[in-house]
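Colleague: The primary structure of each chain is shown beneath.
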Amino acid sequence: MSPLTEFKAVKAFFIFEKDQGTTLFTRSYERSSTAPDAHLVVAFLTAMFSFAKTSSLSDLKVVDMTDIRFSFIEKNGLIFAVLVSPLVSPLDIQFKLSTIASLFFSDYGNQLSSIDIVDTEMFSDFNDSVDEIFGGETRQMLKSSKNAALFYLKKLVSKEETGARGAMILSFTGDILLEYKMDQPRMAAAIRILNVGTYMTNLRYLVVASESTNLVAYKISEGLLLAVDGHPSFGLEDLVVNVSETVKQIKEIIPH
Amino acid sequence: MVKNEIKHVLKILLLGDGAVGKTSLILRFIENKFKDEYSVSLGVDFLTKTITFIDEDDIKRIVSLQVWDIAGQARHVSYSHLYLKGALGAFYVFDLTRKETLEQIQNRWQLQALKASPNHLGILIGNKADLIKERAISKSQLKKIVDSMHVIEIFETSAKTGRNVNKAFQKLTTEILRVKPKKFL
Chain A
1 MSPLTEFKAV KAFFIFEKDQ GTTLFTRSYE RSSTAPDAHL VVAFLTAMFS FAKTSSLSDL
61 KVVDMTDIRF SFIEKNGLIF AVLVSPLVSP LDIQFKLSTI ASLFFSDYGN QLSSIDIVDT
121 EMFSDFNDSV DEIFGGETRQ MLKSSKNAAL FYLKKLVSKE ETGARGAMIL SFTGDILLEY
181 KMDQPRMAAA IRILNVGTYM TNLRYLVVAS ESTNLVAYKI SEGLLLAVDG HPSFGLEDLV
241 VNVSETVKQI KEIIPH
Chain B
1 MVKNEIKHVL KILLLGDGAV GKTSLILRFI ENKFKDEYSV SLGVDFLTKT ITFIDEDDIK
61 RIVSLQVWDI AGQARHVSYS HLYLKGALGA FYVFDLTRKE TLEQIQNRWQ LQALKASPNH
121 LGILIGNKAD LIKERAISKS QLKKIVDSMH VIEIFETSAK TGRNVNKAFQ KLTTEILRVK
181 PKKFL
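As they're listed, the protein sequences go chains A and B.
Sequence positions in the first sequence follow the numbering used here and run 1 to 256.
Sequence positions in the second sequence follow the numbering used here and run 1 to 185.
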């Protein structure tokens, strides 16, 4: 399986009215032959919101299917929805959707409130912002810094005595920026657990121990975490010490 | 007697590290409320508040303030210019009990905001002034630092008690209207 960083993570994005299901904006990142039909998707989502409302599931944010996830936020009666790979960090997507929604209302809020029928052509200028947010990394890292950081990840994982089996650098919202030998199921689990990453303002590191892994998440800076998949038979304290050494090295090469 | 009426829309940013109290300051200013429990802001959001006043030329100014709450971690995203651009003013918020939050304003936040919105006016806000015993930056230290910064004034505020919050917003608004050329408004 290809690493997460090579995934085409975002498949399509939609803005539509929650109650009537009127589509205001769509953007597809698939080839036209495989792209989802925007009207069908919006009709499905509108029906789902209607169902959720009658079933008291009013705070619906994510719907997971086998190979796809719908992630949404609601703002002022509009739904901002995205179809993504289920391996993408839900927090990262929520962060991006929230930003897109704010920019949308800032740019078009006045027009939306003053007319009943909206000419959706006027939103075409919004393509660039959406592309930049979904296409851009959540944390800026220079290519040279990435290469150097990857060297330290490899060094940590390659030495058996460190207890590390895989390592990755994540943005604070779980966007994977670098990865080395992370087992994919554990990687996906780690990203979900690390939804707390954004709450790590005052934490230096976090350890999650289970029968299959000792996961250490160490804060490199306010915007970056190093997550390490440690062998469960290896001492936790020693693993933390080894990870902290790698963090020190990475801190020296990545501008904060 | 009021001669005329002019409407303005002003975009103002609140910038600073996580947990310095940006969302609380906005909540205090917009709704005059305060929440004790901390919850992390996710992404960026903006709220609007309209204030009306009559200026020294007897012109009625109706100002719609678009106040942008930028999550502390949002400094790290590669697309930050999208929401930093077009601002006419910024509050640089730090926590008076955490010195490093002031250093980040000098070293990071202000550079980013000036790059995206080079003509904005800045005000420095030292928040959590009610936590007197935990204060980590003295007034004299602060004065020295502020002199080297690109801000027009500093306010010590408390979102909890409301101290100086409205005053700071009022100051930034009137200064923008006074200083900025008409083409910006």
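Simulated from the structure, these hints should not be mistaken for laboratory data.
Heads up, some of the hints might be wrong.
Stated by the list, open to error - Selected chain A positions facing chain B (Cβ under 8 Å, derived; list incomplete):
{"no.": "1", "residue": "S50"}
{"no.": "2", "residue": "T54"}
{"no.": "3", "residue": "E132"}
{"no.": "4", "residue": "I133"}
{"no.": "5", "residue": "F172"}
{"no.": "6", "residue": "Y180"}
{"no.": "7", "residue": "Q184"}
{"no.": "8", "residue": "A189"}
{"no.": "9", "residue": "I220"}
Don't be surprised by glycine CBs; every beta carbon is placed ideally from N, CA and C.
Colleague: Are the hints correct? Go through all of them and say.
Modeller: Hints versus structure:
A hinted interface residue such as S50(A) counts as satisfied when its beta carbon comes closer than 8 Å to some beta carbon of chain B; here the least separation is about 26 Å, so the hint is violated. Given the 8 Å rule on beta carbons, the hint for T54(A) is violated: about 28 Å separates it from the nearest Cβ of chain B. For E132(A), the suggested interface contact is upheld, since its CB lies about 5 Å from the closest CB of chain B, less than 8 Å. This hint holds: I133(A) has a C-beta 5 Å from the nearest C-beta of chain B, less than the 8 Å allowed.
Hint status for F172(A) relative to chain B: holds, with the closest Cβ pair at about 5 Å, below 8 Å. For Y180(A), the shortest C-beta to C-beta distance to chain B is roughly 22 Å, which exceeds 8 Å, and the interface hint is violated. Here the hint on Q184(A) is broken, as its CB sits about 25 Å from the closest CB of chain B, past 8 Å. Here the hint on A189(A) is broken, as its CB sits about 21 Å from the closest CB of chain B, past 8 Å.
Taken as an interface hint, I220(A) does not check out: its beta carbon lies about 11 Å from the nearest beta carbon of chain B, beyond 8 Å.
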